[in-house]
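Novice: On the provided structure of chain A, position chain B as indicated by the hints.
Quick mapping for you: the protein sequence lines, in order, are chains A and B.
Counting from 1, one number per residue, gives the positions in the first sequence under our numbering.
Counting from 1, one number per residue, gives the positions in the second sequence under our numbering.
Don't read these hints as lab results, they were simulated from the structure.
The reader is advised that the hints may include incorrect statements.
[Claimed, not checked] Among the chain B residues that face chain A by a calculated CB cut under 10 angstroms, a handful are:
{"no.": "1", "residue": "Gly14"}
{"no.": "2", "residue": "Thr19"}
{"no.": "3", "residue": "Asp55"}
{"no.": "4", "residue": "Val56"}
{"no.": "5", "residue": "Gly77"}
{"no.": "6", "residue": "Val89"}
[Claimed, not checked] Straight-line C-alpha distance at most 25 angstroms; calculated DSS-like pairs for lysine-lysine:
{"no.": "7", "chain 1": "A", "residue 1": "Lys72", "chain 2": "A", "residue 2": "Lys25"}
{"no.": "8", "chain 1": "A", "residue 1": "Lys94", "chain 2": "B", "residue 2": "Lys65"}
{"no.": "9", "chain 1": "A", "residue 1": "Lys94", "chain 2": "B", "residue 2": "Lys73"}
{"no.": "10", "chain 1": "B", "residue 1": "Lys24", "chain 2": "A", "residue 2": "Lys54"}
{"no.": "11", "chain 1": "A", "residue 1": "Lys83", "chain 2": "A", "residue 2": "Lys25"}
{"no.": "12", "chain 1": "A", "residue 1": "Lys25", "chain 2": "A", "residue 2": "Lys80"}
{"no.": "13", "chain 1": "A", "residue 1": "Lys25", "chain 2": "A", "residue 2": "Lys74"}
{"no.": "14", "chain 1": "A", "residue 1": "Lys91", "chain 2": "A", "residue 2": "Lys15"}
{"no.": "15", "chain 1": "A", "residue 1": "Lys74", "chain 2": "A", "residue 2": "Lys87"}
{"no.": "16", "chain 1": "A", "residue 1": "Lys30", "chain 2": "B", "residue 2": "Lys49"}
{"no.": "17", "chain 1": "B", "residue 1": "Lys82", "chain 2": "B", "residue 2": "Lys29"}
{"no.": "18", "chain 1": "B", "residue 1": "Lys49", "chain 2": "A", "residue 2": "Lys54"}
{"no.": "19", "chain 1": "A", "residue 1": "Lys91", "chain 2": "A", "residue 2": "Lys72"}
{"no.": "20", "chain 1": "A", "residue 1": "Lys74", "chain 2": "A", "residue 2": "Lys15"}
{"no.": "21", "chain 1": "A", "residue 1": "Lys74", "chain 2": "A", "residue 2": "Lys94"}
{"no.": "22", "chain 1": "A", "residue 1": "Lys72", "chain 2": "A", "residue 2": "Lys54"}
{"no.": "23", "chain 1": "A", "residue 1": "Lys74", "chain 2": "B", "residue 2": "Lys65"}
{"no.": "24", "chain 1": "A", "residue 1": "Lys94", "chain 2": "A", "residue 2": "Lys15"}
{"no.": "25", "chain 1": "B", "residue 1": "Lys29", "chain 2": "A", "residue 2": "Lys94"}
{"no.": "26", "chain 1": "A", "residue 1": "Lys15", "chain 2": "A", "residue 2": "Lys81"}
{"no.": "27", "chain 1": "B", "residue 1": "Lys49", "chain 2": "A", "residue 2": "Lys74"}
{"no.": "28", "chain 1": "A", "residue 1": "Lys30", "chain 2": "B", "residue 2": "Lys30"}
{"no.": "29", "chain 1": "B", "residue 1": "Lys24", "chain 2": "B", "residue 2": "Lys49"}
{"no.": "30", "chain 1": "B", "residue 1": "Lys49", "chain 2": "A", "residue 2": "Lys91"}
{"no.": "31", "chain 1": "A", "residue 1": "Lys25", "chain 2": "A", "residue 2": "Lys81"}
{"no.": "32", "chain 1": "B", "residue 1": "Lys24", "chain 2": "B", "residue 2": "Lys65"}
{"no.": "33", "chain 1": "A", "residue 1": "Lys87", "chain 2": "A", "residue 2": "Lys72"}
{"no.": "34", "chain 1": "B", "residue 1": "Lys30", "chain 2": "B", "residue 2": "Lys65"}
{"no.": "35", "chain 1": "A", "residue 1": "Lys94", "chain 2": "A", "residue 2": "Lys25"}
{"no.": "36", "chain 1": "B", "residue 1": "Lys49", "chain 2": "B", "residue 2": "Lys73"}
Quick caveat: nothing in here was measured; it's all calculated off a predicted structure.
For each residue, glycine too, the CB sits at the ideal point set by N, CA and C.
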Amino acid sequence: MFKPTSALFSGLLWKTPWRISQPQKARQRKRLRSVDRVVDTLSAALQRNGQSTKAVERWYAEMPREEEMVPKDKYTIFDKKEKTYRKGIHKLPKWTRVSQRVNPPGF
Amino acid sequence: MAFFRITLLRSAIGLPRRTTDVLKALGLKKRMATVFHPVSQSVAGQVMKVKELVDVQEVDRRLTKQEVHLERKPDPGYYVEKRGNAEFVEQTRE
Numbered sequence: 001m002f003k004p005t006s007a008l009f010s011g012l013l014w015k016t017p018w019r020i021s022q023p024q025k026a027r028q029r030k031r032l033r034s035v036d037r038v039v040d041t042l043s044a045a046l047q048r049n050g051q052s053t054k055a056v057e058r059w060y061a062e063m064p065r066e067e068e069m070v071p072k073d074k075y076t077i078f079d080k081k082e083k084t085y086r087k088g089i090h091k092l093p094k095w096t097r098v099s100q101r102v103n104p105p106g107f
Numbered sequence: 001m002a003f004f005r006i007t008l009l010r011s012a013i014g015l016p017r018r019t020t021d022v023l024k025a026l027g028l029k030k031r032m033a034t035v036f037h038p039v040s041q042s043v044a045g046q047v048m049k050v051k052e053l054v055d056v057q058e059v060d061r062r063l064t065k066q067e068v069h070l071e072r073k074p075d076p077g078y079y080v081e082k083r084g085n086a087e088f089v090e091q092t093r094e
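Isolated chain A (complex conformation) (with noise of 0.2 angstroms):
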């Protein structure tokens, strides 16, 4: 019945796996999607009144739509202490609740 693994031999170990996997990818994509549309309707509603707000214009100017983006940048988060300089974005804290869309140029 025991298994002796190393997640019941030590106290607190949680293990994140390495890949991500499908489903989760094809829902990371529902999420980029919906956070768009979002700050679609704000901006399209203040440009009706005339108005605009930086927070929406700075979200414009620095951040890449879901189209826009290439597959590295949607499932994988630079990380300086990697041997290829990439994660699982899955290992974000809170990943499903953040916007990471960037990474440093060249990485």
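Specialist: Chain B in isolation, oriented as in the chain A frame:
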């Protein structure tokens, strides 16, 4: 006058305290709660702080709490032809 219809889809548990404070300022206390705010720069800025957690639509007017509830209410599968009281009144008239 246009309004933002803001619905909280994802909880802010475990996120920075400021995120929860922004949600509270918008009047969103629990998931699936819906609030209406006039289209303005300040509201847009607040929504930008929590854009990963909410769904936003632009609508023409504020809906009441009951109207929002009725949108989500499923079809009961029947309709009322006549109330019992109305039938009784008809029968006593004859």
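Novice: None of the hints should be skipped; say for each whether it holds.
Specialist: Hint check:
| no. | hint | verdict |
| --- | --- | --- |
| 1 | Gly14 | holds (6 angstroms) |
| 2 | Thr19 | holds (9 angstroms) |
| 3 | Asp55 | holds (7 angstroms) |
| 4 | Val56 | holds (5 angstroms) |
| 5 | Gly77 | violated (32 angstroms) |
| 6 | Val89 | violated (51 angstroms) |
| 7 | A:Lys72 x A:Lys25 | holds (11 angstroms) |
| 8 | A:Lys94 x B:Lys65 | violated (32 angstroms) |
| 9 | A:Lys94 x B:Lys73 | violated (33 angstroms) |
| 10 | B:Lys24 x A:Lys54 | holds (22 angstroms) |
| 11 | A:Lys83 x A:Lys25 | holds (23 angstroms) |
| 12 | A:Lys25 x A:Lys80 | holds (23 angstroms) |
| 13 | A:Lys25 x A:Lys74 | holds (8 angstroms) |
| 14 | A:Lys91 x A:Lys15 | holds (10 angstroms) |
| 15 | A:Lys74 x A:Lys87 | holds (11 angstroms) |
| 16 | A:Lys30 x B:Lys49 | holds (19 angstroms) |
| 17 | B:Lys82 x B:Lys29 | violated (41 angstroms) |
| 18 | B:Lys49 x A:Lys54 | holds (12 angstroms) |
| 19 | A:Lys91 x A:Lys72 | holds (15 angstroms) |
| 20 | A:Lys74 x A:Lys15 | holds (22 angstroms) |
| 21 | A:Lys74 x A:Lys94 | holds (15 angstroms) |
| 22 | A:Lys72 x A:Lys54 | violated (29 angstroms) |
| 23 | A:Lys74 x B:Lys65 | violated (38 angstroms) |
| 24 | A:Lys94 x A:Lys15 | holds (16 angstroms) |
| 25 | B:Lys29 x A:Lys94 | holds (20 angstroms) |
| 26 | A:Lys15 x A:Lys81 | holds (18 angstroms) |
| 27 | B:Lys49 x A:Lys74 | holds (21 angstroms) |
| 28 | A:Lys30 x B:Lys30 | holds (22 angstroms) |
| 29 | B:Lys24 x B:Lys49 | holds (12 angstroms) |
| 30 | B:Lys49 x A:Lys91 | holds (23 angstroms) |
| 31 | A:Lys25 x A:Lys81 | holds (23 angstroms) |
| 32 | B:Lys24 x B:Lys65 | holds (18 angstroms) |
| 33 | A:Lys87 x A:Lys72 | holds (10 angstroms) |
| 34 | B:Lys30 x B:Lys65 | holds (15 angstroms) |
| 35 | A:Lys94 x A:Lys25 | holds (15 angstroms) |
| 36 | B:Lys49 x B:Lys73 | violated (31 angstroms) |
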